[in-house]
Amino acid sequence: LAKTTQPISMDSYEGQEVNITCSHNNIATNDYITWYQQFPSQGPRFIIQGYKTKVTNEVASLFIPADRKSSTLSLPRVSLSDTAVYYCLVGDLYSSASKIIFGSGTRLSIRP
Amino acid sequence: NAGVTQTPKFQVLKTGQSMTLQCAQDMNHEYMSWYRQDPGMGLRLIHYSVGAGITDQGEVPNGYNVSRSTTEDFPLRLLSAAPSQTSVYFCASFGQGPTGELFFGEGSRLTVL
Chain F
1 LAKTTQPISM DSYEGQEVNI TCSHNNIATN DYITWYQQFP SQGPRFIIQG
51 YKTKVTNEVA SLFIPADRKS STLSLPRVSL SDTAVYYCLV GDLYSSASKI
101 IFGSGTRLSI RP
Chain L
1 NAGVTQTPKF QVLKTGQSMT LQCAQDMNHE YMSWYRQDPG MGLRLIHYSV
51 GAGITDQGEV PNGYNVSRST TEDFPLRLLS AAPSQTSVYF CASFGQGPTG
101 ELFFGEGSRL TVL
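In order, the protein sequence lines correspond to chains F and L. Be aware that the first sequence starts at 1, since it is given in my numbering, and climbs by one per residue. Be aware that the second sequence starts at 1, since it is given in my numbering, and climbs by one per residue.
No lab work stands behind these hints: they were computed from the structure. It cannot be assumed that every hint is accurate.
Pairs of lysine to aspartate or glutamate, EDC-like flavour, derived with a Cα cap of 20 Å [stated by the list, open to error]:
#1 L/Lys9 x L/Asp73
#2 F/Lys3 x F/Glu14
#3 F/Lys3 x L/Glu101
#4 F/Lys54 x L/Glu101
#5 L/Lys9 x L/Glu72
#6 F/Lys69 x F/Asp92
#7 F/Lys52 x L/Glu101
#8 F/Lys3 x L/Glu72
From just these sequences and the hints, can you work out the full model?
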């Protein structure tokens, strides 16, 4: 899987939009970009996945520029319950079935 | 469907003891893996398997053994527990569904005294 770089931590306030950017300069043609969320004492859970342009679901949006060397997870109108660690993974999970390695993630803290 | 089930949820061992963490999934996923997470840290891959009878090492395999005799089960064995193995262990599985989603168990918190 491609190496990724994320901010170690971010702070925001309730009701704000939060954008977390992940850099992945060595992304390969067949690689997908996947984001996970982890609450304390729980396993990570899938948030969103994309290949290019923009993907939106009921939880978040994922923006991927044309060169795909970075991606931005956007959380609209965050609440206290969005306080968690967010991980960006990049890889061709469907064909390689190789090691799925997590980085250190971004620790997001939401204040009232 | 139960998803990914881990047992036990909590375990305390003495240095040198051995034990097995159990992991089972009912989604017919080929890929299964074990991670450990130390306080305030990210997840580190211990071992993984891409199918029954196939296992391989992750980032931190020393002190751990795995086997994959069935698609459903992927136990993690600690051969001789050390205090450095005090951690939370997560089992995960992945299948080629419509989204590349890795499903995690609830975790097993291990303390080695």
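Checked hints:
{"no.": "1", "hint": "L/Lys9 x L/Asp73", "in the structure": "holds (17 Å)"}
{"no.": "2", "hint": "F/Lys3 x F/Glu14", "in the structure": "violated (31 Å)"}
{"no.": "3", "hint": "F/Lys3 x L/Glu101", "in the structure": "holds (19 Å)"}
{"no.": "4", "hint": "F/Lys54 x L/Glu101", "in the structure": "holds (18 Å)"}
{"no.": "5", "hint": "L/Lys9 x L/Glu72", "in the structure": "holds (19 Å)"}
{"no.": "6", "hint": "F/Lys69 x F/Asp92", "in the structure": "holds (15 Å)"}
{"no.": "7", "hint": "F/Lys52 x L/Glu101", "in the structure": "holds (17 Å)"}
{"no.": "8", "hint": "F/Lys3 x L/Glu72", "in the structure": "violated (30 Å)"}
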